[in-house]
Amino acid sequence: MTVQEGNNDTNELGIDKSFLAAPIKSAVDKFQLLPEFLKVRGLVKQHLDSFNYFVSTEIKKIVFANEWIRSKVDERVYLRYSDVRIGEPSMIIDGVTEKLTPHKCRLSDTTYAAPIFVNIEYRGQSQSTETLKKKDVIIGRMPIMLRSKTCVLYKKDEEELASLGECPLDPGGYFIIKGTEKVILIQEQLSKNRIIIDIDKKGCVQASVTSSTAMTKSKTVIKMEKEKIYLYLNQFKSKVPIMVVMKAMGMESDQEVVQMIGRDPRYSALLLPSIEECAKANVYTQQQALDYLEKQVKQLPYPSAPVEKRALSILADIFIANIPVRQQNFRSKCIYVAVMLRRMMEALLNKDAMDDKDYVGNKRLELSGQMLSLLFEDLFKTMNDEVRKTIDAILDKPSRSSRFDISQYIVKDSITVGLERSLSTGNWDVKRFRMHRKGMTQVVARLSYIGTLGHMTKISPQFEKSRKVSGPRALQPSQWGMLCPCDTPEGEACGLVKNLALMTHVTTDEEEGPIVSLCYCLGVEDLELLSGEELHMPNSFLIILNGLILGKHRKPQRFANAMRKLRRAGKIGEFVSIYVNETQRCVYIASDGGRVCRPLVIADKGVSRIKEHHMKELKDGVRNFDSFLREGLIEYLDVNEENNALIALYESEATPETTHIEIEPLTILGVCAGLIPFPHHNQSPRNTYQCAMGKQAMGNIAYNELCRMDTLIYLLVYPQRPLLTTKTIELVGYDKLGAGQNATVAVMSYSGYDIEDAIVMNKSSLDRGFGRCIVMKKMSAISQKYENGTSDRIIRPQRQGYDAERMQILDDDGLAAPGEIIRPHDIYINKESPKVIRGPVTSPAGLSDSDYKPSKQTYKGPEGETAVVDRVALCSDKNNNLCIKYMIRHTRRPEVGDKFSSRHGQKGVCGTIVQQEDFPFSERGICPDLIMNPHGFPSRMTVGKMIELLGSKAGVSSGRFHYGSAFGEPSGHADTVEAISETLVNHGFSYNGKDFLYSGITGMPLQAYIYMGPIYYQKLKHMVLDKMHARGSGPRVMITRQPTEGRSRNGGLRVGEMERDCLIAYGASMLIYERLMISSDPFEVQVCRKCGLLGYYNYKLKKGICSTCKNGDNISTMKLPYACKLLIQELQSMNIVPRLKLTAA
Amino acid sequence: MDGVSYQRFPRVKIRELKDDFAKFELRDTDASIANALRRVMIAEVPTVAIDLVEIEVNSSVLNDEFIAHRLGLIPLTSGRAMSMRFSRDCDACDGDGQCDYCSVEFHLRAKCINDQTLDVTSKDLISADPSVVPVDFSDSSGFDNSENRGIIIVKLRRGQELHLRAIARKGIGKDHAKWSPAATVTFMYEPDIYINEEMMERLSLEQKRSIVDSSPTRVFDVDEKTGQFVVVDAEAYTYDDEVLKKCESMNLPGLIEIRPKEDSFIFTVETTGAVKASQLVLNAIDILKQKLDAVRLSDDTVEADDQFGELGAHMRGG
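The listed protein sequences derive, respectively, from chains A and B. Using our numbering, read the first sequence as starting at 611 and increasing by one per residue. Using our numbering, read the second sequence as starting at 374 and increasing by one per residue.
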């Protein structure tokens, strides 16, 4: 207002009025929205939303779609589901319902699941007329996603979570199946029910639609082959001319078809060959067309439906199944085909109209809720079929003894077992849709906290990974802000496996009905009322909702704006997207699930709707993210709608055309890439490497890490929070569960043990706890119960005699005590099992000691290393056996060969460990913790690491954590090098981060200034102790008598083909002989010189005998590899006779 | 053999001396001697530190090794260490570390019985020998230390208990950093700053100021009244060459020249509190002497001369 007033006065002064009248551009710090967003949504909200939707909405739909079970024998007997709901997670043990908590399930190897309750109405006896009702019948148990609506952890605060044994920072979003945590990976798919124009392998242009409705799934392809257009559908034996299909659907007039496609002569020209072909085939009427198609229908092996009407029903139900056909009205389907043809022809005339399959807007992400609903629907239907079959079988019986009660026949195991099996194996088998997918679930990575988070946001690809194509692997511009550009694995899955960005939301399905009626209210002309000619009038746009053509609109832009206004006002769902496609002359409205979208600030004529007071209210806690959304300050845009928006990165860069402003540029990165300080200064692949490595870093896993019983846990003894943080680190809680330590690094060459990325470490630093880690391994044993009533027993250890030494760590109860030091070959459970485990027990009074044989459990660890028994847990497993779990702890200090890495994809092994007094030191007394070779920099170009060093150095000297958020310099979320240098100078350091060091060995100054300062270093899980391996003589494989393979079997080191080639080339024949024969599997054989077959050595006669010649006259003794002898004999067993021809040497 | 004498007579001038801090000048010797002294102080002056822990009860959140490691790093007053025996060459106890000559026993017993978290600190360690106790930092610094309860070992919650016996032994920093009495031992060459007064005279006040500001540490200053360019604190100079580069860029090479004095060192010694800073230096000199004695003992043998050549003669005081 003040500006406006001042405006009047200044007019006379000759100041440009329009300049002053222009809105004031003040950059509002919108960063606060980001933590608010995450507070409301959490990091794995997409999983939770999807599951919540399934549990509250989808499951009801499924049950009501299949609510009737009617007997085929007696129509009056029925069962009807009237309601369904999911109860509290609980388990029934011995008839008592016991509530479950997730942590209890983890420890006791049970499934975290809740009963599925249904209300039923049924008529049991065919004679009676009354309907009986039952409430809360359990039909099975549904595994519950942690932190979802149905979970006990829902909306619990930190203290309550702690009392439940849960880590408050744990994101949830996974399931606990038989004690193991399982995530259902996000599945990436091509969007369903949409027309996709592309080129097939032969180079033909095709339009394809993958239809998916509740009833059917089908794929329709319309293809241009040799100028003629055909339909490909699985139900037809071969391709079908498209004009025949159109005629079969009632479009007998060619003119109408041409009108529907559009009157452009170019289109008619393209269609002409097809029309001619149709005429050639003598198809003019609908009946002729149907007869033609009838011949093309694939014959089913067991024809069940009447044979005549097959073609029409295929066209109605399977051909583009997403377009419903009501009362044999094929008009909408015809129009749809016409639109497909039109788009195809457009693509033929103009290659730019081709759809890009890799475009994110053409993709849908399938989440746990959808996956579970698929599975549940199938299992529920199978169960109902089972029920029907059993009651039919019973009703068929002429005489029944007891009163018939249909509700008794609901089997609750099939759903429980089916869900549990799919979740634990990851195999999704839905026969109805011919779906067989493997690897849908994975065990949650608990190597590091960030690994867990990264695992939740991982998107697994639709294609098989072996395909050597670059298209789907390339970075798509439409990924911006939705999928992390850095976080992808290296190697075969590179670019296919992706991760969500920080602010991404994945939509769930939304009701279409209200949107449809709203569209008609806003002036959409109904399709039914339009002639073919009117369809593509030059001034009208088609309105398409979720792939369904609703009609056309004459003022698309106004329509879109009206819809958007309604969305911003909250009248329709916030995730509905409205996208005006000018080239296709369509308005696409999408409300389906699986679209990725992200929040953006709305701007009017380039002025942000969020003002200073809004942010202040947010800070004061009067507002939250949802209120921003409700008041239309922020909205979600999906990938398609982003095309209609002009998004400014910063408010200051906004122009009058700008429609939206980004909340924070750093949100284009995901969780893993968010840990990297100054990633925008690094060479891009380095960030990708770090994303992979951050998941292997040791640190804290969760607050409850010491109460967990995972098979393998790596913990750091003194984890630290990085001195140089980013905003993402604070948002995801990496500052609370760090995975690394701030090491003072000197970038210099030292000792030669630092070549090829090796690092030199300071022994004193290691003494003081740098890089020290705890490795915990789980061992478990079961005290088995057998079918004859006997069971294993655990007995008191012998304190004297044989084995007493190995039993020292045992308590009197026969189990090793926590805190005891355990060495390899030590016995940790003094168990005995009965000799007879099947059949009747010999002595009725119970087994005596002699009836047991020892089955002691011995610890097998690395020789010479001593571990400690950390915890012992007893629980009963599913079969009520006693299950004993041990956690074995091993504390390790870094040694030569252990792997370390900074946060910039710079990994290296420890090359040598040097005494502190030999290390260089500065006149302040600073001595580095590790030395890194400067050759690591020029080729890697990790400038971010250099800035990290500088920033951390400024951080320690000023006592303030410095920031290095991605792209953060303009918004102040990253400190600039200038500011950092200033801080350094203020604290008496050189502005360039270099220090004057003295050699610790000679005491003389070093020749150069050394770049020295703290860098956050991660210790990676790869340690020499787990890998080092050597063997002299040792175990051999039984069948070939060659040394075993692999470290775990104490195997030999193989002289492989390439090594052999080298030796041959060198001519070291004796060495080859020694390696491949003497040291491997030498074997002495008796060979008959006459027949060339192998004989045997007769020890009585002390000579070799040929079993074929039946004498020992022509026997020679020679040495062969045993594997060769084996081959000869195996060949003989297959009727091939290899003969050895011997000559005198 | 009867060559020139290389013997020099180093001088030490103490600048500042506190219990755990010392700053002194070492003059008239070379880097090798200064560095030897530094290295011995870090790695070879013996102290006493906890080396063996027997844990009886530990229901705390930290595991046994963790606590043992933390205990080991607690500095113990080691005035007695020089006269103690290494447990490996102790003949009174066959090196098993149980006798008074080579070891000191500690006990720790703590249990939390109320809802407040209990901090188990180094003060809870009960020593069998009053001369070897955890270092107390409270008195030396002048702060009010009502809250200073020593070094925290572990925090206990209600019901958690820690009960252990620990044995401290003599050792040197070379074996493990816990035996190092030095927190910081460092030295620097004394800088020799030469200002070409003649050139300096010709500079404006502005120019002088810019030279002063170019150094990250406050080495120079311009006198407010006289406008004289003066050296305030030569030792603040960190050999960063910034001032020289500045002069170069102002086209005034040779205006200021700074060279390290090759035979003069300024030592800074900070101890962990295990021994007094002054004692640390003296002990280090003693040990250095002992080490030299080991060489000197074989001085009159011919082999030694062969072995050490000129050095042998040097050591014999020639």
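Rather than coming from a laboratory, the hints here were simulated on the basis of the structure. Here the structure is a predicted model, which is why all the values come from computation and not from measurement. Note that CB positions come from ideal geometry on N, CA and C, so glycine has one too. One or more hints might be untrue.
Said to hold, decoys possible - Rough simulated footprint, nothing fancy, chain B against chain A, three-plus residues with beta-carbon under 8 Å: (1) 889-895; (2) 1379-1389; (3) 1401-1410; (4) 1592-1605.
These are the hints, each one checked on the structure:
1. Under the rule that three or more residues need a Cβ within less than 8 Å of chain B, the assignment of the region 889-895 of chain A is violated, with 0 such residues.
2. With 3 residues having a beta carbon nearer than 8 Å to a beta carbon of chain B, the region 1379-1389 of chain A meets the requirement of three or more and the stated coverage holds.
3. Only residues whose beta carbon comes within less than 8 Å of a beta carbon in chain B count, and the region 1401-1410 of chain A has 0; fewer than three means the coverage is violated.
4. Counting residues of the region 1592-1605 of chain A whose CB lies closer than 8 Å to any CB of chain B gives 8, which reaches the minimum of 3, so the coverage claim holds.
Violated hints, listed in ascending order, are 1 and 3; each of the other numbered hints is respected by the structure.
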